[in-house]
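If you read the sequences in order, they're chains A and B.
Using the working numbering, the letters of the first sequence correspond one by one to residues 1 to 384.
Using the working numbering, the letters of the second sequence correspond one by one to residues 1001 to 1143.
Be a bit skeptical, because a hint or two may be false.
Stated by the list, open to error - Partner residues are not named here, just some residues of chain B that face chain A (Cβ under 10 Å, in silico):
1) Arg1097
2) Ile1120
3) Ile1131
4) Ala1132
To be verified - Simulated restraints on C-beta separations:
5) A:Gly18 <-> B:Ile1125: 31 to 37 Å
6) A:Glu156 <-> B:Phe1014: 29 to 35 Å
7) A:Phe61 <-> B:Pro1072: 32 to 38 Å
8) B:Ala1053 <-> A:Asp66: 32 to 38 Å
9) B:Gln1016 <-> A:Gly316: 44 to 50 Å
10) B:Asp1116 <-> A:Val126: 32 to 38 Å
11) B:Ala1078 <-> A:Ala57: 24 to 30 Å
12) A:Lys6 <-> B:Ser1036: 45 to 51 Å
13) B:Ala1071 <-> A:Ala57: 39 to 45 Å
14) B:Pro1075 <-> A:Asp257: 33 to 39 Å
Quick caveat, the hints were computed from the structure, so don't treat them as lab data.
Even glycine gets a Cβ: it sits at the ideal position worked out from N, Cα and C.
One-letter residues, chain by chain:
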Amino acid sequence: MSISGKVAIAGIGQTRFGKGLEPSERELACLAIDAALRDAGIEPGAVDGLSCYTMEATADFDLVRDLGLGPITFFGQVGHGGGAGPGTVGLAAMAIATGQATTAVAWRARKRSGAASRVWAQSGAVLEDHWKWSRPSGLLRPVDEVAMLARRYSHEYGNIAPALAQFAVTLREYACANPAATMFGKPISTADYYASRMIADPLRLYDNCLETDGAVAVVLVAADRASRSNGPPVLIEALAQGMIPGHQPMADFHREDPFTGNSSVAARKLWSQTALGPDDVDVAQFYDAFSPLPLFSLETYGFVERGSAARFICEGGIGPDGALPCNTAGGSLSEAYLHGMNLITEAVRQLRGTATTQIAEARVALVTGCDVTPNGALLLRRGE
Amino acid sequence: MIDAIPLPSREGAFEQGFWAALDEGRLAHQHCNACSRWHFPPRWRCSCGGALAYRPVSGRARLWSWTVVHAPVLPAFAPFTPYVVGIAELDEAPGLRMVGSLIVDEGDPIDRVQPDQLTIGMPLIASISRIAADVAWPSWKLA
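Throw the hints in and build the complete structure from the sequences for me.
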């Protein structure tokens, strides 16, 4: 049994991305979903399935009321923040493939640009969850946790700073071609990268994602119902989730090999669900809240050998003319940080042929979730 | 002790032996009677299915990784930025690791150790002290 080819992403929508946007988070969700439905050519009343992140603040029933959706026969959520994107779309896809819904919306809306909205800054006086093992020692933020892994990785495989710089500069170049990107018109150089302030050594400001207000939505239907008016249908070829025994989110230091983690589980499952393999992927959108994460994902999903992702990036592998163009709208570092949902819409644009930096003949796209949380992946392909 | 830092709840599942040992100034971790594996953070039973019991560890470890935390941080930690945080890998088993502050002498503040004193793999020794009136926690002394 396989989901391959049964479900299409028929519509995509997004709001403006930026800081201090006027609309409420709920209104941003409405705007993005409305845009995605118009893109798909589907009336709001036809939507009968909803899928979102557990971290989504806007209630599904409010959106049903606001937008005139429903009646709804399927609603679900996927946990683990930045790891949830592919699973959220995957959950909607499974609902359609099993007949629990005919038209499903998956969305993410955030007003994240205020410093007070940072999740780590809301750390309570007494820690009940697994962060009790690290935050009392002053390891407070996700970037601190990723910095620990980045330093260890550099110790084992060589200094990754040049690759991190190249990653940040490449994504900024993609964003400078994308008028919707937060960092459109704001190029950076390698020197700018090294001049940016240290946040959690060895990670600098430009290794961190943006803090963004905005929303993104996608509409899913059975493959044979997808309109072709907005380009070739974009089909779900395979999907997978991953959670490895011994893992805990982000402060994932307690397994013998932290670099073989949730993504290795998701990758094995993903590639077992399809005849396609890494060599067939034309463009990838790796979850990139912090710049070291795509290095880990490049290796785990089988594009390069363990320990060689930095060299691949330094040699231009992720650029528009590289072997695997990545995060081609600017990603979380330079387009917008919407917990990875904007990586999914960019994959769809690449397969439709409407991306701002269009990769020629893009037929297969990979999207991944956060490498250091329970996560997942979507493999999309262009229908004929 | 630093005022107003987030503190670990001592009420978590399977943790009683961990906190009880620290209260007595010792570091202990779960050990499997059946397969001799060590575990941290605490869990119900071993991945082999065996029963777990708390057993003292040597306190000897090696520096597995470290970072230097720069602002912005929680207000309690702000006076100390930038400060080093380390991960100690205990000698008992690969993967048996704990996050903690690095120190030279007992009672050092969390910002005493400088990055140029550190090499991954260098030896560390657990030094247990109070981070709050009712919470003891290991820091790691450069050996």
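Each hint tested on the structure:
1. Arg1097: holds (5 Å)
2. Ile1120: Status holds, d = 5 Å.
3. Ile1131: holds (6 Å)
4. Ala1132: Because about 9 Å separates Ala1132 of chain B from the closest Cβ in chain A, which is inside the 10 Å limit, the hint holds.
5. A:Gly18 <-> B:Ile1125: 31 to 37 Å: Violated: the Cβ-Cβ distance is about 50 Å, outside 31 to 37 Å.
6. A:Glu156 <-> B:Phe1014: 29 to 35 Å: Distance hint for Glu156 of chain A, Phe1014 of chain B holds at roughly 31 Å.
7. A:Phe61 <-> B:Pro1072: 32 to 38 Å: Roughly 36 Å apart at Cβ, these two residues keep to the hinted range, so it holds.
8. B:Ala1053 <-> A:Asp66: 32 to 38 Å: violated (55 Å)
9. B:Gln1016 <-> A:Gly316: 44 to 50 Å: Distance hint for Gln1016 of chain B, Gly316 of chain A is violated at roughly 55 Å.
10. B:Asp1116 <-> A:Val126: 32 to 38 Å: holds (36 Å)
11. B:Ala1078 <-> A:Ala57: 24 to 30 Å: Hint holds: Cβ distance 28 Å, inside 24 to 30 Å.
12. A:Lys6 <-> B:Ser1036: 45 to 51 Å: holds (48 Å)
13. B:Ala1071 <-> A:Ala57: 39 to 45 Å: Since Ala1071 of chain B and Ala57 of chain A have Cβ atoms about 27 Å apart, the given range 39 to 45 Å is violated.
14. B:Pro1075 <-> A:Asp257: 33 to 39 Å: holds (36 Å)
Checked against the numbered hints listed earlier, the structure breaks hints 5, 8, 9, 13; every other hint is satisfied.
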